[in-house]
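Protein chains: 2
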Amino acid sequence: MSILTPRGFLFSVTEAGIKYSGRNDMALICSEGDATVSALFTRNRVKAAPVILDRARLRYARTARAIVVNSGNANACTGRRGLRDAERICAEVAKGLCIRQRDVLVSSTGVIGTPMPMERVISGIRGLVENLGKSSIEDVASAIMTTDTFPKAASREINRGNIKGRIAAVAKGAGMIAPDMATMLCFIITDLAVEYRALKAALKDAVGRTFNLLTVDGEMSTNDSVFIMANGAAGNRPITHGGRYFNTFGETLFDLCDELSRMIARDGEGATRLLIIKVKRALTRRDARVAALKVANSPLVKTAIYGNDANWGRIMASVGSTGIRFSEEKVSIKINGIEVARRGCSTGRDSIASEAMKTEEVVVEIDLGAGRYEERVYSCDLTEGYITINAEYRT
Amino acid sequence: MSILTPRGFLFSVTEAGIKYSGRNDMALICSEGDATVSALFTRNRVKAAPVILDRARLRYARTARAIVVNSGNANACTGRRGLRDAERICAEVAKGLCIRQRDVLVSSTGVIGTPMPMERVISGIRGLVENLGKSSIEDVASAIMTTDTFPKAASREINRGNIKGRIAAVAKGAGMIAPDMATMLCFIITDLAVEYRALKAALKDAVGRTFNLLTVDGEMSTNDSVFIMANGAAGNRPITHGGRYFNTFGETLFDLCDELSRMIARDGEGATRLLIIKVKRALTRRDARVAALKVANSPLVKTAIYGNDANWGRIMASVGSTGIRFSEEKVSIKINGIEVARRGCSTGRDSIASEAMKTEEVVVEIDLGAGRYEERVYSCDLTEGYITINAEYRT
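These protein sequence lines map, in sequence, to chains E and D. The numbering used here numbers the first residue of the first sequence as 166 and each following residue consecutively. The numbering used here numbers the first residue of the second sequence as 166 and each following residue consecutively.
Isolated chain E (complex conformation) (with noise of 0.2 angstroms):
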């Protein structure tokens, strides 16, 4: 599936060796004219430097030139040198590149607690300022990854009225991966011209939908962060909040970012395959939510679905120590389609079930027989793949 690139982008990657070695670990994403630009991050209390410091410029802009990325070191838990290096980075950047040192972000994913290589770094910011528009950005996918096993891009057209153009986005996954308000690493382009409210409402929408609906490990990162810009390249009137073309849009970032979150759940840290939780009727959309987050978490509740346990139990007492309301005689439980529980108890159909599961998705939906509200979270299944990657992951 080869991606359609939004033009008046130009990308570059490099090989800074970092923390990796025989691979690409430095991306620059750059757009030939001032690009709208918004962005979330975590909301760990633990930032990373990059998110500080982005944070603090997108406070009072809302156009941008390029993002730097880098993987092999998050720059976090790095105190002020951390911020120091981030700065500098930018400001390599924008030297190279003659343009504003705003106008540049930076973002860093890796090992939490090390300074930044800054020599390697800035070295390897010259072949990406030399090299800028030779790269692809299914090359900034690859340059981007950790403990990913494949790099994850994907894109949108949108050709409806007045309107023509692109979106793509590339993002890394893999572990500590449990977002608020963001995924690890996420960057959007767009060639279409979007006026910068309709930018963040639309990119918070389709966040909140997506990537905080997903987990990997329950794990929140410290440098989580979606971005998105927007150049304009396609020559459209600008898409206003609001506006004719806003939902098309909307929506067409939704999907792109819901493809995006499947992607990452299925190349969670070990994971064999990806696990969708849908939870159905419950009191309030609040107790959707928990209910399939504790159950896209329950260790247990992984575990028996990598061994293809049609395990209905476990996912009973994830979802009562919640604390949520609901009547356990009341709940059906189906398991990719077979039903293994209703109005709380066993349907004897465990076996038939737990045949049913050796697919690449599974798909628990969860009836609480409590109310209205819905909600669905993608995870994956927990293997010792995840425990060897995680042991071992410094050394």
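Hint data in this document are derived by calculation from the structure and do not stem from the laboratory. Think of the CB as a built atom: it goes at the ideal place given N, C-alpha and C, for glycine as much as any other residue. Accuracy of the hints is not assured; some may be wrong.
As the list claims (entries may be wrong) - Which chain E residues face chain D? A few, computed with CB under 10 angstroms, are given here:
hint	residue
1	R245
2	V276
3	T449
4	T468
5	Y471
Starting from the known structure of chain E, fit chain D onto it as the hints suggest.
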């Protein structure tokens, strides 16, 4: 280490073949006379039938004679049939022992969602009644095991002034351990005379400081129960709430529960070591507790401990994700006494700490520098063993 058995209690165990074979899976604890009783149960909304039954009984009753326990089947998510089965178990024990049905409590642990194999259970009860007095409290500890790798029993002697008596307890743990008001199953017996209000208060206090600050996998069970029976066989003047020996009794009970909760953490499913998380100088007591539990449940911290990786960045991220109030630049972290982070940044001593971590107990101290409250939680590392046990539990 041999267990000091309180006087006036009789025990028996039997192999009923409920799920396991070649081992005992039912146990009976019986006091020769009426014993004052108190208990704490899971706060899971989905409660097993024995929990529902015992809770209802103990709402009015303050004494009991016997507790019958089985492993292999939790009798949870079994609907009305489960309740009828639990009642029948009590009735059969009462008939066999010629005592009143309401003086019998029942407790189960094992698979959720499968009806009890009542024929085997009933014939098991016959064996228990016939053999009463022929087993030791250690035998009970073995019979209630599920995925535990060793039986858990402990005892204390109180010999102070006019008070001379014993407290002993058995517990089972291993998986689905994140109790709130109780742990999986724990049975405490003492030959001291203790008034009901004193017994209840001492139990609640001890459990709050031990089993409720214990987590293996963040999963709250449907069957968590802690029982205490005090039969007065020691002949002391009853210990009263706030009376002369109340503190001695309470602290001894706490100490006993503390020993058992360490055992449960150390024997968490797949665990290779005990993990002790201490949070210091938090702004509030709740903050200290929330932070300690979050770190103790973090799969990234737990896998790092397993891999002897002093990855304090994950600890910072985990604390940050709780939303409690603290400043990153005031945090220091010690692992087994080695300071790995000071003022939020690396001390460069990760490799020294990684060496110092190769012990059976790993102590993580997080000084938040925010206030004056502290809390301590027991947990364990997360290994491939947890995955294997739980992916294959029902097969």
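Against the structure, the hints come out as follows:
1. Of the supplied interface hints, the one on E/R245 holds, with its beta-carbon coming within about 9 angstroms of a beta-carbon of chain D, less than 10 angstroms.
2. The interface hint given for E/V276 holds, since its Cβ lies 7 angstroms from the closest Cβ of chain D, which is under the 10 angstroms cut-off.
3. Evaluation of the E/T449 hint against chain D yields a violated restraint, the C-beta minimum of about 15 angstroms exceeding 10 angstroms.
4. Hint status for E/T468 relative to chain D: holds, with the closest Cβ pair at about 4 angstroms, below 10 angstroms.
5. At about 5 angstroms, the closest approach between the beta carbon of E/Y471 and any beta carbon in chain D falls short of 10 angstroms, and the interface hint on this residue holds.
Violated hints amount to a single one, hint 3; each of the other numbered hints is respected by the structure.
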